[in-house]
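On the provided structure of chain A, position chain B with the ligand as indicated by the hints.
Chains as they are written, first to last, in the numbering used here: chain A, 1 to 357; chain B, 1 to 220.
To be clear, the hints were calculated from the coordinates, so they are not data collected in a lab.
The model shown is predicted, which means the values in this text are computed figures rather than measured ones.
Take the hints with a grain of salt, since some may be wrong.
A partial selection of chain B residues facing chain A, derived with a Cβ cut-off under 7 Å [what the hints assert, rightly or not]:
| hint | residue |
| --- | --- |
| 1 | 40 |
| 2 | 70 |
| 3 | 74 |
| 4 | 174 |
| 5 | 207 |
Backbone N, C-alpha and C fix where the C-beta goes; we use that ideal spot for every residue, glycine too.
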Amino acid sequence: MADEPLVLGIETSCDETGVGIVRGHTLLADAVASSVDEHARFGGVVPEVASRAHLEAMVPTIQRALKEAGLAASDLDGIAVTAGPGLAGALLVGVSAAKAYAYALGKPLYGVNHLASHICVDQLEHGALPEPTMALLVSGGHSSLLLAPDITSDVRTLGSTIDDAAGEAFDKVARVLGLGFPGGPVVDKRAREGDPQAIRFPRGLTGSRDPLYDFSFSGLKTAVARWVEERRREGVEVPVADVAASFQEAVTDVLTRKAIRACRDNGVDHLMIGGGVAANSRLRSMAQERCADAGIELRVPRPKLCTDNGAMVAALGAEMVARNVAPSSLDLPADSSLPVTEPHIPGTGADAGHVHR
Amino acid sequence: MLLLAFDTATPAVTAAVHDGTTVLAESTSIDARRHGELLMPAVDHVLREAGVRLDAVTGIVVGVGPGPYTGLRVGLVTAAAFGDALGIPVHGVCTLDGLAYAAGVAGLGGPFVVATDARRKEVYWARYDGPRTRATGPAVDRPGDIAAEVAGLPVVGAGAALYPEVFADVRPPADQSAGALAALAAAKLADGEEFLPPLPLYLRRPDAQVPAAYKAVLPK
Ligand SMILES: [Zn+2]
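Just chain A, same shape as in the assembly (with noise of 0.2 Å):
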């Protein structure tokens, strides 16, 4: 429908300078320009590397998402962007550019939570997200099971992680095994060559009085260093592919099993997974098994739009602007700490919505 909101995201809260363009639920464009190469022999992510990147590649994406979308900037309706949460300095230069952008052009400034955007962009893929939503949030930084009654003003936390995020324990594991970084997509690559039962590691928090929706994967990181370790020790040869396959399976295990349990308490139907962890091909194959199994409905959008992109702040400044929630003002901060209860930072003063030009 030509009537729906087409909005332009801007995304860099970590490595990934994203830049997307949707039309409501539609995407339009999704142009990503990554720094990960630059951060590899750092083993992860450097945030001032990351930070000078973001200010190189800010106006040659945005460039490149309104030619992929065959649009002049003139033609959208608002400009979003990721206040947070995420690197300081890395958001900085997507917050100043989202409202250079929007002064220039005259379009409302919509600054976004990051986490509540992981969610919406699943509407790009599967269409309206049911509300309530259950979403499970995986990624090198978050681990969190998210309920959401309206994305745009209301995302509850019900669990978290309460150490290392699942994506650091496959980046920590893959160091291990000498695998290289980031770890995500080897580990889940040599699992597939591996038997997932060939070790027994440990499942964090699910003893029968650990929190319900809370996740734990530091002891599970320390069993695999530790089990491969002693191999080592006694010049036994390090099974990689068993090793990986037997920690993904248990990171997955115990993901899949909160989710559909976070799913069933609160009476809910449907299941989001997002984040980079939600690429990982065997929680994906978990997740679809066990939710076929509990009459669960599972949303996962491609991996592309998994990972942190532009398309996913957009998609929220779509629907913020599809609700008529009022735009952001122009001293909008970057908050590396935003909680996830605050999906969209709101206008502060007079200036709010109102755009001088």
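Relative to the frame of chain A, chain B with the ligand by itself:
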């Protein structure tokens, strides 16, 4: 000619509108931690005060540093975005040159030094033969290491007052002014001089600790 100038390379968040002859409006606030929040309201403010529309602006002037990176990037990405959205040129000017030009307006002839705070016990600095003639720099150094090079010279910029043992003859101004930056740019445009590309002068490599090789969890 109608220039919109701003600079976020120092603790000053400063914006100004200049018509080629005079500064029509200027706004400067000093807050090293809130560049991102303060810049766009300042731009909005000076445009309103000057009574001009952003789409009437013919060029963006931006201080390209050197300066601490997080704040510096706010000005540069804003300039790049304005340039792209409005289809107008973005003129990069060394931040220290803006301070030197302002020092000239305040009566300093030359030679002199401009020094701003680079944190970590260092300054960003340059030597000038005159308000529009940079002789050396910009560079980033510990004040003690450049004492001989700056000895006896007047120094402007907020970096000077931090190290009185090295910079004895402190002169105004202390803080960057977008009005001065715009006036310098207008003079350069009138004289057909070149600008810097609107890219950051970081002068330092990013801090990036290469983590030690994998740490064992088993006791040795
Ligand atoms: Zn993310």
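Against the structure, the hints:
Look at residue 40 (chain B): its Cβ gets to within about 4 Å of chain A, closer than 7 Å, so that hint holds up. Because the smallest distance between the Cβ of residue 70 (chain B) and any Cβ of chain A comes to about 5 Å, under 7 Å, the interface hint for this residue holds. The interface hint given for residue 74 (chain B) holds, since its Cβ lies 5 Å from the closest Cβ of chain A, which is under the 7 Å cut-off. Interface restraint check for residue 174 (chain B): the shortest CB-CB distance to chain A comes to about 25 Å, outside 7 Å, so the restraint is violated.
Annotation: interface hint on residue 207 (chain B) holds; nearest CB of chain A at approximately 6 Å, less than 7 Å.
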